[in-house]
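Asker: Chains S and B supply the protein sequences, listed in that same order.
Here my numbering is used: the first residue of the first sequence is 339, the next is one more, and so on.
Here my numbering is used: the first residue of the second sequence is 950, the next is one more, and so on.
Among these hints, one or two may not hold up.
[Stated by the list, open to error] Here are the simulated lysine-lysine pairs, BS3-like style, with alpha carbons at most 27 Å apart: (1) LYS1125/B with LYS1256/B; (2) LYS1264/B with LYS1289/B; (3) LYS495/S with LYS1379/B; (4) LYS1028/B with LYS1316/B; (5) LYS495/S with LYS1015/B; (6) LYS495/S with LYS1378/B; (7) LYS1048/B with LYS1015/B; (8) LYS1192/B with LYS1349/B; (9) LYS1034/B with LYS1314/B; (10) LYS1028/B with LYS1088/B; (11) LYS495/S with LYS1150/B; (12) LYS1048/B with LYS1034/B; (13) LYS495/S with LYS1390/B; (14) LYS1316/B with LYS1292/B; (15) LYS633/S with LYS533/S; (16) LYS394/S with LYS1397/B; (17) LYS1048/B with LYS1379/B; (18) LYS1378/B with LYS1390/B; (19) LYS556/S with LYS632/S; (20) LYS1397/B with LYS1046/B; (21) LYS1015/B with LYS1390/B; (22) LYS394/S with LYS1386/B; (23) LYS1235/B with LYS1316/B; (24) LYS394/S with LYS1390/B.
Hint data in this document are derived by calculation from the structure and do not stem from the laboratory.
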Amino acid sequence: MNVLKVSKWTIAAFVLPCVLLYVGLVFVPILVSVYSAMLDWNGIGASTFVRLDNFKYMLTSDTVFWPAVGRTFLLAGFSMLIQLPLALFVSILISRYVRKPNFLVSSYFLPVILSVVVIGQLWKTIYNPGSMGGMINQILETIGLESWTHSWLTEPKIAIFAIIVVGLWQYLGYHILIQFTGVQNIPADIYEAAKIDGADGFKADRYITLPMIIPIFKISVVLSFIGSLQSFDLIMVMTGGGPGNATDVIASHMYKMSILSQKFGYGSAIATFLVAVCLIATVIINFLFNRLDKKYT
Amino acid sequence: MANKTTKTLSVLMAGALAVGLTACGGNNGGNTGTNEGAAGGNGGDKGGEKATITFQNIYPDSSDPKYQMIRTIVANYEKDHPNVKIELDSLNTDQQKLKLKTQAASKEVPDITIVNPAAQMQPFVEADLFAPLNEMVEKNGLKDTFQEGILDYYTFDGNLYALPDGNNIGLVYYNKALFKQAGVEVPTTFEGMVEAAKTLKAAGITPIAIGEKDSWTGSFLFMNVLLRTNGPGFLQDVADGNKTFEDPAFAEAVDAFQSLVQAGAFQEGATSFDYNAGENLFKTGKAAMYYMGSWATGGIETSEVNKDDNIGVFKFPTVNGKGNPDEFMLAPGSAFAVSKHSKHLDVTLDFLNYFMQNYPIEAFKVKGAVGVAQTIEEDFAAAGYSNMAIQVLDLFKDVKGGDISFDNTMNPGTSQVHLTSIQNLFVSKKDAADVAKEHQKAFEENNK
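Based on the provided sequences and hints, a complete structural model is requested.
Answerer: Structure below.
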């Protein structure tokens, strides 16, 4: 710290506003919601302290909760197992074969900056039944695959996958951008040295790019995991968690319980669960990547 | 080169952080709302006669006749009372519900706000947020302008807490041209309606439009079926412990409702259409029938599809020969309530009295008077209302009681399970007994 040549007090003074903001806007609300989670409260009137009853009900009796948790992890799984490797693959291709990659990468990034509501409405139209102008179904009908047509967003078994596709599409560019920068950041002389030793093309990727991209890849993994856990807006816009509860995830279930069912205490219990999962997941991911890191450096 | 990429990377990370933070922000939605709420209730100084009143309302759409109407009345009042300033806080329905809940949590309710009848306003009343209007409503004979019995939905323990802007009934709108095209007649029984749906569908016409993403729409229709199979008062009987959801009348209603769904009566993908999108199918002539509260009359009346008297209405028919078509789904409207902690309680009450006196007069002028909760002794036909509107007004004269919607009768927890359960019927066939059990379980869990 001496490199900065200022006293620790100065550093503290400069860090303080940010710390205060962070504590006030993040930690205090989390603590408050942990407390509310132990109340039987409709959010308006009087409340009674019920200790851990809400958690007990959530974990044992709520028929919507566990499926919603399952769908949340399904989202995370698809994101990490399909989206991220695909993003890495695309970034390697771009950095190797494309001469002026900026335009391409920016185009991939475009959906990220669009409003989720716009994207949701757009894809709703794409998924519509053929008779309502749905693009996918019309294409299927034109090429003679009528039997493949579905009402994508309203068939309980398919709806969640239809939403996952949109999520993957939207954030693919985001991860490409992160990983592309990572790939670019690997010094070119390493590849040159490897070439002399006979490692070229995908062999070089296997032994140079992959190990060296790990720290950047970790950022992608954490972001995609936390992002999946918190997914809410896209689902509310496209299906509202329906039909029935077929596309409810943790966050949408929490919203419905707190606001629509007016069980603010119970909603807070779900929120607390979500925070806990986020924390635990981040710790696990960090741990795993640290081990990977050690193995390769 | 290396330097440049580091820079790109750091910019990127900042971006990543920003996106991450916005994502986290969703989590804290409930908390941040509180700050916004603080802007409401205050304003106006205590000294002198000057007063500023905040009037939260649900008329934000400038193409809605009520948008202009509320501004006219407010301007007239301000002209007569130069020291009173009325600030309008216009929000759409869902935003307003959310904002009021947040404001209520911090006891910052605006001077005048909007609530929904019966069970939906009960939590607010129990939290002691509203001023009783018993005395105010007697002034200038305001009480007598309201239709008989309508104020009961806003009265708790003998205290009146809100004044409604409407009183509506559930009915079926139909497109005459499409009926003719498919060769179907106006159905007089529910079974006839199912048959008509099949015929229409065979002719390539969407039989019934619905906006089932907003699940109350399907529930409203379902409750009308239940009103036929059971007669009025089913939910009240359940609440009083005289009946359970496992009553045969409930199962019969579920089965009848499913027969309609299975006949393909609703547009494909109905559960992804929100209220407006569903109504637009009907308004653009793409669907033959539309079941909705009579509040939809105004919008349909001015739409293209109502040219040449093309739209008619009929009463919801009997189900399995049961029920009385003169019993309707009743929809007492959203209502104006006054904050108990208002800084200018007297002025606010005086204004609301003035507002409600003028409400029917101004609404009539802008052709928004079908379904107003107050009696209007004017000639609608002479004022240029369409035949459909006159027909709706005639149906009002036939009303012999009925039921109010599920979420106005049961508490929010039970209602939410019910709404989801009915939405499910649109996408999968269920055993009526299971639907009944699901309802009963939710009712017991939420009424401990």
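Asker: Is LYS1264/B within 27 Å of LYS1289/B, Cα to Cα?
Answerer: Violated. LYS1264/B to LYS1289/B sits at ~41 Å, over the 27 Å cutoff.
Asker: Given the hinted pair LYS495/S and LYS1390/B, is their Cα-Cα distance within 27 Å?
Answerer: holds, 25 Å
Asker: LYS556/S and LYS632/S: Cα distance at most 27 Å?
Answerer: holds, 14 Å
Asker: Can the restraint linking LYS1048/B and LYS1379/B be considered satisfied, given a maximum Cα separation of 27 Å?
Answerer: With Cα atoms ~37 Å apart, LYS1048/B and LYS1379/B exceed 27 Å; violated.
Asker: CA of LYS495/S to CA of LYS1378/B, is that 27 Å or under?
Answerer: Holds, at about 14 Å.
Asker: Between LYS1192/B and LYS1349/B, is the straight-line Cα distance small enough, at 27 Å or below?
Answerer: Distance of about 23 Å is within 27 Å: holds.
Asker: LYS633/S and LYS533/S were given as a pair; does the straight-line alpha-carbon distance stay at or below 27 Å?
Answerer: Holds: LYS633/S and LYS533/S sit about 23 Å apart, inside 27 Å.
Asker: Please work out if LYS1034/B and LYS1314/B have their alpha carbons no farther apart than 27 Å.
Answerer: Roughly 25 Å between the alpha carbons, so the hint for LYS1034/B and LYS1314/B holds.
Asker: LYS1397/B and LYS1046/B: Cα distance at most 27 Å?
Answerer: Judged against 27 Å, a Cα distance of about 26 Å means the pair holds.
Asker: Take the C-alpha atoms of LYS1015/B and LYS1390/B, compute the straight-line distance between them, and say whether it is at most 27 Å.
Answerer: violated, 41 Å
Asker: Within 27 Å, alpha carbon to alpha carbon, are LYS1378/B and LYS1390/B?
Answerer: Holds - the C-alpha atoms of LYS1390/B and LYS1378/B are around 20 Å apart, at most 27 Å.
Asker: Given the hint that LYS495/S pairs with LYS1015/B, does the C-alpha gap stay at or below 27 Å?
Answerer: violated, 43 Å
Going through the hint list in order, the structure does not satisfy hints 2, 5, 14, 17 and 21.
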